[in-house]
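Asks: Position one of the sequence shown corresponds to residue 2 (our numbering), numbered consecutively onward.
Please keep in mind that the hints were generated in silico from the structure rather than gathered at the bench. Heads up, some of the hints might be wrong.
[Claimed, not checked] Listed next, the in silico DSS-like pairs over lysine-lysine satisfying Cα-Cα at most 30 Å (straight line): (1) Lys-321 with Lys-184; (2) Lys-320 with Lys-256; (3) Lys-256 with Lys-184; (4) Lys-256 with Lys-126; (5) Lys-184 with Lys-155.
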Amino acid sequence: MHRGRRIPRGARRTFVCRISGKLRDEPRAGGDMARFPFGVPNSWYVVAYSDELAPGQVQRLQYFGRDLVAFRGESGEVAVLDGYCPHLGAHLAVGGEVVGDTLRCPFHAWRWDAEGGCAEIPYAKRIPPNLCVESLPVIERNGMVFAWYHAEGKAPDFEIPEVEGWGQDGWLASWLRWEWTIKTHPQEMAENGIDWPHFDTVHGLPVPEDRSCEFRSNSFLWHVGGAKDVSTLGGQTTELTMHGENWGMGFSWLKQSAIYDTVVATGLTPIDGETTHVRMGVIARIGDQDEPGVRAEIRALMDEHAVFASQDLDIWENKKYRVAPSLCEEDGPIADYRRWASQFY
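Full structure from sequences and hints, please.
Replies: Structure (structure tokens):
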């Protein structure tokens, strides 16, 4: 573990198996045909919703250009390990079983704990020293499982915040969910949210006059007021106000005040250097209203929100990142955003 770094509250202290001093990395983007001049950013990423991984369950993951395995031990702790056993290379998610708080390999029954240490070799007199499988730091927050990726194996240096409304009385108790796999990079998708002119040119919406963006150390805040009228199920309209915060390159939350107060949590998790798994979860303040009926209405309203997002797909999947773009004054804080994003590589 990188010395001198403070582990965020809720994260495990783990040792990480390294090869030549760094994690085995995904192929970095490069060459004339590469769409992006950078690889996977160093950040926290959503790899599952918490309720998708029950105690004793094993899940195969493919993120960061790697095969991984997630499991939840009997005590409730979640671990994310390299997918392949360091013994003879069996995939730990294919036939692997949870035993206590360890994962047993399906090939020779070697058992691995949440930190990647070898807990048992059933036929060996002793466990070889320093034997481990690569592990990623993991936290659970907001009903989601986050794994930390760093190309050089350094420890987490910022936290994921608790989202307003999650687990609170008067709010939906679980996320309404949408998911997509998109041929683009997380940095491109986050940049799109502060590209003010495209509100008009792509989405047919007036460019909001009430808008702002503030860049901080590991996050940035943004606000849009009066962005559009939102159609209700009854044909009425109302003005929409949005403000949100992006944390690192993998997670953001957005609070909308219109027909309902809603919170949209979005995870942008790289499958590889050019493909992103997008998770969008929504909760809303419902008071004492009937939850099933309200959930259906909110889902219908957020389906409209998803339509707006889908209008960007053809552009995202076919554009190339310009390292030195030609910008005009009205293009908004794109240059500032890119300077902020550069810290994650």
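Asks: Holds or violated: Lys-256 with Lys-126, Cα cutoff 30 Å?
Replies: Status violated; Cα separation ~57 Å.
Asks: Starting from Lys-184, check that the Cα of Lys-155 is at most 30 Å away, please.
Replies: At roughly 27 Å apart (the allowed maximum being 30 Å), Lys-155 and Lys-184 satisfy the hint.
Asks: Are Lys-320 and Lys-256 close enough, with their CA atoms no more than 30 Å apart?
Replies: Holds, at roughly 29 Å.
Asks: CA of Lys-256 to CA of Lys-184, is that 30 Å or under?
Replies: The hint holds at about 26 Å.
Asks: Do the alpha carbons of Lys-321 and Lys-184 lie within 30 Å of each other, as the hint requires?
Replies: holds (11 Å)
Comparing the model with each earlier hint shows a violation of hint 4 alone; every other hint is respected.
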